[in-house]
Amino acid sequence: MSTQLAQIAKKAQLDRKVRFTSLAHLLTPEFLKQTWGKMNRRGASGIDGESTGQFESELEQRVGEICARLRAGVYRAPPVRRVEIPKGPGKTGTRPLGIPTVEDRLLQRAVARILEAIFEADFCDFSYGYRPGRNPHHALQALRVQIVTGKVSHVYEADIRGYFTHVNHQWML
1 MSTQLAQIAK KAQLDRKVRF TSLAHLLTPE FLKQTWGKMN RRGASGIDGE STGQFESELE
61 QRVGEICARL RAGVYRAPPV RRVEIPKGPG KTGTRPLGIP TVEDRLLQRA VARILEAIFE
121 ADFCDFSYGY RPGRNPHHAL QALRVQIVTG KVSHVYEADI RGYFTHVNHQ WML
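Just so you know, the sequence shown maps onto residues 1 to 173 in this note's numbering.
Derived by calculation from the structure, the hints in this document are not laboratory data.
There's no promise every hint is true.
Only pairs whose alpha carbons sit at most 25 Å apart, straight line, appear in this in silico DSS-like list of lysine-lysine [said to hold, decoys possible]:
hint	residue 1	residue 2
1	33	10
2	38	17
3	10	38
All chains, please: the whole structure from these sequences, using the hints.
Right under this line is the structure:
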């Protein structure tokens, strides 16, 4: 974690009422390059068809351009490429998947790193979704411990059919 992120994380942890008003100054070329180094770069190309290899070959120039557009307030995320992928084992049909451009994926990951530094202190210990260093296997292990020690007697699994394609996104926002 960068020094600035560590300072923000510490501040958020020490005073949960503190409000961070502007974090855009953290989105520097250096921070974006550091984020690039931590990213999974095996993902598919977005709507522009650019691969991670193509982006990486111009990394210095591209992160500079992104930061310039952010500072000028003109950055706009491009549309995502929508593909249908098969549902998991034992399920029929497909589900939609949105694939952002490599550039937007980098920026999303950079913003996520900043938000994680702030909000990680607020998350409950039993929360496992989309958190650094945690995955479904950790959640299952914690559940197993709760069951074995008798703290949990019932487990329910629920799946809201087509939730993300049918939920009113305007209402959610």
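Checking one constraint from the list: CA of residue 33 to CA of residue 10, max 25 Å. Satisfied?
23 Å, holds
Between residue 38 and residue 17, does the CA-CA distance stay at or below 25 Å?
30 Å, violated
Given hint residue 38 paired with residue 10 - CA-CA distance at most 25 Å
Given pair residue 10, residue 38 holds - Cα atoms ~21 Å apart, limit 25 Å.
The structure shown violates just one earlier hint, number 2.
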